[in-house]
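As a plain string of letters, each chain reads:
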Amino acid sequence: MITLIYAAIAIAFLILVIGLLRKPQTDEPDEALTEKSYAPSIGNGRWLHLSERIFDPSDARWLAEELSFPKLAKALMVERKRLAIRWLEALQASFEEVVRTPELTPSEAPEARPVGSWQMLWLTLRFKILVSYTLLVVKLFGPYHRLIPSFSWVPFPRGSERSFRRAALANSRSSH
Amino acid sequence: MGERGACGACPSPAGYMHIFGMVISYGAWLLEGLLILRGAATRVFRVFPLFYSYIVYIFCCSLGMYLIYWLRPQAYPSAYWIYYLVSILVEFTVLVEMSDQIFRPFPAIRNLGRALTIVISIALGLVYILPAILGSTHRRPALLDFALRACVTKVVILAVLFYAARHYGSKLGRNVAGLMFGFSIYLAMNIAWLAAGKAFDPALSSNILWVMAPLAFALCLLVWTVSLWELAPMPSLRPISTATGRDSEAVALELTRLDSELSKLLHR
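Chains as they are written, first to last, in our numbering: chain A, 4 to 179; chain B, -11 to 256.
Keep in mind the hints are simulated off the structure, nothing from the lab.
As the structure is a computational prediction, the values presented were derived from the model and not from experiment.
Ideal Cβ positions, reconstructed from N, Cα and C, are used throughout, including at glycine.
Treat the hints with caution; some may be incorrect.
As the list claims (entries may be wrong) - Here are the simulated SDA-like cross-link-like pairs (lysine to any residue), alpha carbons at most 20 Å apart as the crow flies: (1) B:Lys186 with A:Ala10; (2) B:Lys186 with A:Ile12; (3) A:Lys131 with B:His155; (4) B:Lys159 with A:Gly22; (5) A:Lys77 with A:Ile57; (6) B:Lys159 with A:Glu99; (7) A:Lys131 with B:Leu241; (8) A:Lys131 with B:Arg102; (9) B:Lys186 with A:Ala11; (10) A:Lys131 with B:Asn99; (11) B:Lys186 with A:Leu7; (12) B:Lys186 with A:Thr6; (13) A:Lys131 with B:Arg245; (14) B:Lys186 with A:Met4; (15) A:Lys131 with B:Arg154; (16) A:Lys131 with B:Lys186; (17) A:Lys131 with B:Val148.
Claimed, not checked - Pair ranges (Cβ atoms, derived): (18) A:Trp121 with B:Pro129: 55 to 61 Å; (19) A:Trp121 with B:Arg60: 41 to 47 Å; (20) A:Ala78 with B:Val115: 35 to 41 Å; (21) A:Ile8 with B:Ile24: 36 to 42 Å; (22) B:Pro61 with A:Leu24: 40 to 46 Å.
Kindly produce the complete structure, drawing on both the sequences and the hints.
Here it is, written out as structure tokens:
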């Protein structure tokens, strides 16, 4: 019985490989990516700071507590939740776009590996985990939930950002 | 790569089966030599250094094993098993080479393939391969089981690499696709004959293994030789939205920017 299972694994794997290699990849962008709206521009500060407004609970509180419009406050919260999910999905789509961007001049020699590849991979994985977690929390509890833990104990990002900026600055200086 | 199969220490079959197995083994050895010569002539070895070091290792070890087989046959079984077990581990370099090639154009996930290979190898090594060695009392079943489970682990890694390559839109060139296809044939055949070897009577399975093991590797080498005959450039990657390619520092800066933006949100 176990032999048959292993034989089935072997055959299924070969069929899968042949299927994947024969099926040409379409040149159209990924459907999952095109369905989601992209962030207008990653460099657009206003779009990024939109999150401040979306995730700020003061408007809903003001409606509910000061103006005593609980239904309106609830409607606002529902709308903000929808906006928050769209904002996070757009951020995710933009991130995917950055990740899938091929290098301008891919190095032919394998030894020409740029410094910090592991750090970049860590950043990518960290982002994917965090954004998935955030989306889950927002979908389940809404954008004003406080159960999102602080990740300040992760020491990496600030240091890596500094080192990347320093490297980019050094490169730009050397090119001038 | 076990050209003589896991039955190296077992009595080899007599007559035509023995000759057939030996002929395939010599054929595989010649293909290894051809692959090395061609790699040196076209300088493909510069692009695939890990893969060619593996082929050189296999070529030299096969030669050494033939010499032991003809000159000191009594030492052959022990030498064979050492070579066979080391080869199973060395085969992981082929996977590392493939994983490096698949994600090379993408600076943000350049090491993703290598990370996947290492993580899956360690995880399955601890929970799937190691118990096979520790739990068995006899040498032959233990070695067959170890080889089988190592092959299944490699199949899992290859499947994950295939999926990741498609997910990130990495177009495999002829060289890398050939490497992956050849290795897939080899692993699938190995799983089939190792599973059969475990189930059948040792005498019967020895006859099958004597031929099947070198045949699997010879087929794999044939695919590798054809696909690596000359250096094929990587196909151009599809343009994604406005992205037209950028250097790795720019990608790193954008990654950190998006990452810190999300972190700010989480700190609230």
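Taking the hints in turn, this is what the structure says about them:
Proximity of B:Lys186 to A:Ala10 is assessed by CA-CA distance (about 12 Å); at most 20 Å being required, the pair is judged to hold. Between B:Lys186 and A:Ile12 the alpha-carbon distance is near 16 Å, which keeps this suggested pair within the 20 Å criterion. Straight-line distance between C-alpha atoms of A:Lys131 and B:His155 comes to about 14 Å, which keeps the hinted pair within the 20 Å bound. For the hint pairing B:Lys159 with A:Gly22, the CA-to-CA distance comes to about 15 Å; that is within 20 Å, so the pair holds.
A distance of roughly 14 Å separates the Cα atoms of A:Lys77 and A:Ile57; the hinted pair therefore holds under the 20 Å criterion. The suggested pairing of B:Lys159 with A:Glu99 holds, with an alpha-carbon distance near 17 Å, which does not exceed 20 Å. The straight-line distance between the Cα atoms of A:Lys131 and B:Leu241 is roughly 16 Å, inside the 20 Å bound, and the hint therefore holds. About 18 Å separates the Cα atoms of A:Lys131 and B:Arg102, which keeps this hinted pair within 20 Å; it holds.
A C-alpha spacing of about 16 Å is found between B:Lys186 and A:Ala11, which places the hinted pair at or below 20 Å, so the restraint holds. The suggested pairing of A:Lys131 with B:Asn99 holds, with an alpha-carbon distance near 16 Å, which does not exceed 20 Å. Taking the CA atoms of B:Lys186 and A:Leu7, the gap is near 12 Å; set against the 20 Å cutoff, the hint holds. With a C-alpha separation of about 8 Å, the suggested pairing of B:Lys186 with A:Thr6 holds against the 20 Å cut-off.
Proximity of A:Lys131 to B:Arg245 is assessed by CA-CA distance (about 14 Å); at most 20 Å being required, the pair is judged to hold. This hinted pair checks out: B:Lys186 and A:Met4 have alpha carbons roughly 12 Å apart, not beyond 20 Å. A C-alpha spacing of about 18 Å is found between A:Lys131 and B:Arg154, which places the hinted pair at or below 20 Å, so the restraint holds. Between A:Lys131 and B:Lys186 the CA atoms are separated by roughly 43 Å; this puts the pair beyond 20 Å, and the hint is violated.
Restraint check: the Cα-Cα separation between A:Lys131 and B:Val148 comes to about 18 Å, which is no more than 20 Å; the hinted pair holds. Distance hint for A:Trp121 and B:Pro129: a CB-CB separation of about 40 Å, inconsistent with the stated range 55 to 61 Å. At about 46 Å, the CB distance of A:Trp121 to B:Arg60 agrees with the hint of 41 to 47 Å. Between A:Ala78 and B:Val115 the CB atoms are about 51 Å apart, so this pair departs from the stated range of 35 to 41 Å.
A hinted range of 36 to 42 Å for the beta carbons of A:Ile8 and B:Ile24 is consistent with their spacing of about 37 Å. For B:Pro61 and A:Leu24, the Cβ-Cβ distance of about 42 Å falls inside the hinted range of 40 to 46 Å, so the restraint holds.
Hints 16, 18 and 20 from the list above are not met by this structure, while the remaining hints are.
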